[in-house]
Amino acid sequence: MESEELFQYIASLEAAARPSEKPSDLPTIEVPPEHFLSLMQQLREDPRLYFNMLQVHTAVDWVKKGIFELLYQLYSTKDRQSLRVLVELPRENPVIASVCSIWRIAEWQEREVYDFFGVLYEGHPDLRRLFLEDDWKGFPMRKDYEDDFMLEPGQ
Amino acid sequence: MDMLDFFPSSILQAADTSWQTVTIAQRASSAFRDHDLSGTIGYLLLGLLFTAGLLTVLGLVLIYAERKLAGHFQCRLGPMRVGWHGILQSAADGLKLLLKEDIVPENADKLLHLGAPVLSLMATVLTLAILPLSPTLQVVDLNIGVIYVTAVTSLGVLAILIAGWSSNNKWSLLGAMRAGAQIISYELSATLSLLVMVLLSGSLQLSEIIQSQSDGWWIWKSHLVGVIAFVTFLISTTAELNRTPFDLPEGESELTGGFHTEYSGLRFAFFFLAEFVNMFVASALIVTLFFGGWMPFYIGGWDGFNSIMGLIPPGIWFAGKSAFFIFLLMWFRWTFPRLRIDQLMSLEWKILLPVGFINIFLAALIVLFEWHF
Amino acid sequence: MNVHVSTLDEKTRSSLAIESHSETEEYFINMGPQHPSTHGVLRLILKLDGETVREVIPVLGYIHRSIEKISEYSTYRQIVHLTDRMDYLSAIMNNWAVARTVEKAAEIETNERIESIRTIVSELERIHSHQLGWGVLGMDMGAFTPFLYGFRDREMITDILEETIGARLTMNYIQPGGVMFDIHPDFVRKVKEYLAYFKPKLDEYEDLLSGNPILQQRLRNVGIMDAETALSMGATGPVLRASRVPYDLRKIEPYGMYGEVEFRVAIGTAGDCWDRYYVRIEEMRQSMRIIEQLIDNIPEGKFLLKKPAAKLTIPEGRHYSQIETARGVLGFYIVSEGKETPYRAYFRTPNFHNLWSLTAMAPGGRVGDLVAIISSLDLVIPDIDR
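In order, the protein sequence lines correspond to chains F, H and X.
Just add 338 to the spot in the first sequence (first one is 1) and you have this note's numbering.
Just add 1153 to the spot in the second sequence (first one is 1) and you have this note's numbering.
Just add 138 to the spot in the third sequence (first one is 1) and you have this note's numbering.
Hints were generated in silico from the structure; no laboratory data involved.
Please note that a few of the clues may not be correct.
[Stated by the list, open to error] Over 12 Å on every C-beta distance to chain H, these chain X residues come out as not near it, computed from the model:
| # | residue |
| --- | --- |
| 1 | Ser152 |
| 2 | Glu400 |
| 3 | Arg427 |
| 4 | Asn435 |
| 5 | Leu450 |
| 6 | Lys477 |
[Said to hold, decoys possible] Here are some chain X residues pointing at chain F (derived, C-beta under 7 Å):
| # | residue |
| --- | --- |
| 7 | Val143 |
| 8 | Ser144 |
| 9 | Ser370 |
| 10 | Met371 |
| 11 | Ile390 |
| 12 | His491 |
| 13 | Trp494 |
All values reported here derive from a predicted model rather than from experimental measurement.
Where is the CB? At the ideal position from N, CA and C, for every residue including glycine.
Just need the whole structure built from these sequences, with the hints factored in.
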């Protein structure tokens, strides 16, 4: 499917999903957090889309805008089609629905994002730190994370 | 008909001389009877020294051989640094292990933890005493030799179980449990094979089993029964030795070190030494039971050949034959992958054991109707 | 909204509390971080029932070096040097992932010579990675000898690459806009000699290990993963292909010279450990085929078109591209603000995703099966921990 066609089809499934205007090298849609889970469900189940691989899931901390940008990059082995889904969450209380029940790898990826960014996933069966110890303070990939041994850029 | 007449007399080895067995224990008791006190004590000491010396020499030689062979199987040279072609490597290894700290885990059962390696080595040394290395090189010739061997080698599994349990480590325990299950299971088929040979030779005494092969080794003259017994015995002793493909109790990639995970220094060396000497014991038993012990290799009718073979002393024959089987065991080790625990068990209980039972029944028939050559 | 965050302690406790059907007592055992068959510092907490594995809880982070965080403070040319330290057996391919993303984003051109060299060295690396994987699998199965056979042949490849690159493990070769150095004058001859040498050796590998009935017993019908699960589990590379999914980036979105050479994608049928093992053997054959087609006609030209400025900038936006390493899909995702350093860099590493499928395959098998499964995943731990 061409990206225009794809966007239209997705919009027909979930009205809240709209093509992203952010610069991006793949077909990208944005969706508000409250419609996120139903959109993802349809992206996976819909026979025309059938995105059966969740290739990338990570987050970006836009500290100046006060948001976390969550990225879900999907791939369909049927059409060899990629789709990028962006979700914006407020930096205070970042909670989003977990997609573990749709792609099992999400359980793993979401734990990494929680570990480094502190994004909370609702409905995650086992949300805990992945790389760091359980009693670690703070979330190191956040831009405002302070650590006494951190390097300053340019030094 | 001609075939049958022809077969035993010409192809098989012909009887040459009957060998007189004189053990060190017999010499000591005859010296005692002659009131020769110094002779008695001398022979007793000789017996002790012989066993201890055999243990040391075997340890050094076999460890060197294993490392060197492993090297060559794996396209490398093996030890080359210590002495000429690394000949002193095992001495250096032993020295290193001697000097290492002897670590005992804090929560280990101290007495059992420290005692297990000694028990393991003891079980091995006890069997060395009765192996007939040559007509004159045998410490004691028990009239229930075969039963003694089975009984004493079973002590080894006890040592492994104690070692695994007392280390207070789950990996050790897993290794010990595997060892227990494995060794006890395979003991069954090993004993069944032993019994076949006892039936055929009509004796439990190791020297007499050898004597019964003076007109041909059992592997040649017992039809298929001997061959089957040999194969099952080889497989089950490999399993009892915990060597690949049956090295599950210490399977490094699975259990880190199995039952000896928590051992270090000299106590680890004891287990190590016991394993290597056990390998010799197993090979020596195979040689004794199936390959004529210290009997030379004769071919019926070839008098010139036979007289040359007869020149080689029996001790050398025994060592050579044992060396071959030790080589075979090392070859297995560096070639085969490891079985899984359930595959290991089903091999024993579903294949080897039924075969062993059928085999012993066939052996009984053969002996009853005197079908063997 | 209230989301519960648990701890490892809580996880193990709740796992033990689950009512089990067996009458025996289940227990936990720590496999790693120092264990011979976890190939590094991977820690697995196993819930065992006797010898049977009931649950696997991977615990990561023992060698996490925050490559992503360091990348946020590094220029794009510096990031290339970090990537060797992820999957050290596909070091060159890791470089390529960065180079490809940067080239695509900053519109840096390359020529055919560069792409040919990149493809050849990558395939050489794929072969040496699979050789090691083959040997380690043998070692994990209890046969120590294959490990040294694999190493012997692998050394020769590292010798060839060392002549050109100067390093044997963290080979730092591909950079945005080209490669670091031109190939050594002997490179072509030596690669051809090596291919002639290795072809019969690969058959020897098969004799030594593939044909062994014990190995087949150990690997067949162990750790079965069907295509649906494998896709859902995010597995890629030989792990996914063994589950009958012909997903190979070299075919699907050809990069380098892969579009111009003939090769076939090896796939498995059952998705068990044996298939994962055999897919790698077949991939070595295909890699040799690729090299053979390219080695004789490496076009003349520059090995680095224009020395990229130290302060290379990438236009604002989200850039992603991915390549097929020896273990699967390595993706590099850059969020750029138009500066010399990325705002956010994310590596989608194959081993991180492949490891997760272990939790789907291992339960129900024995400890020995678990070792076989780990081995057939061919994990490189620094790639998981990044």
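Okay, the hints, checked on the actual structure:
Here Ser152 (chain X) stays apart from chain H, with its beta-carbon at least about 21 Å from theirs, past the 12 Å limit. Every C-beta of chain H lies more than 12 Å from that of Glu400 (chain X), the closest at about 33 Å, which supports listing it as non-interface. With a least beta-carbon separation of about 26 Å from chain H, Arg427 (chain X) lies farther than 12 Å from that chain, consistent with its non-interface assignment. No Cβ of chain H comes within 12 Å of the Cβ of Asn435 (chain X); the nearest lies about 34 Å off, and the non-interface call holds.
At roughly 45 Å from the closest C-beta of chain H, the C-beta of Leu450 (chain X) stays outside 12 Å, upholding its exclusion from the interface. For Lys477 (chain X), the shortest C-beta to C-beta distance to chain H comes to about 48 Å, beyond the 12 Å cut-off, and the non-interface label holds. Given hint, Val143 (chain X) at the interface with chain F, holds; its Cβ is 5 Å from that chain's nearest Cβ, closer than 7 Å. Because the smallest distance between the Cβ of Ser144 (chain X) and any Cβ of chain F comes to about 5 Å, under 7 Å, the interface hint for this residue holds.
With a cut of 7 Å, the hint placing Ser370 (chain X) at the interface with chain F holds, because the nearest CB-to-CB distance is about 5 Å. Residue-level restraint check for Met371 (chain X) holds (minimum Cβ-Cβ distance to chain F is 5 Å; threshold 7 Å). A cut of 7 Å between beta carbons decides the hint on Ile390 (chain X): the least distance to chain F is about 6 Å, and the hint holds. Interface hint at His491 (chain X): satisfied, since its Cβ lies 6 Å from the closest Cβ of chain F, which is below the 7 Å cut-off.
Taking 7 Å as the C-beta cut-off, the interface hint given for Trp494 (chain X) holds, the closest approach to chain F being about 4 Å.
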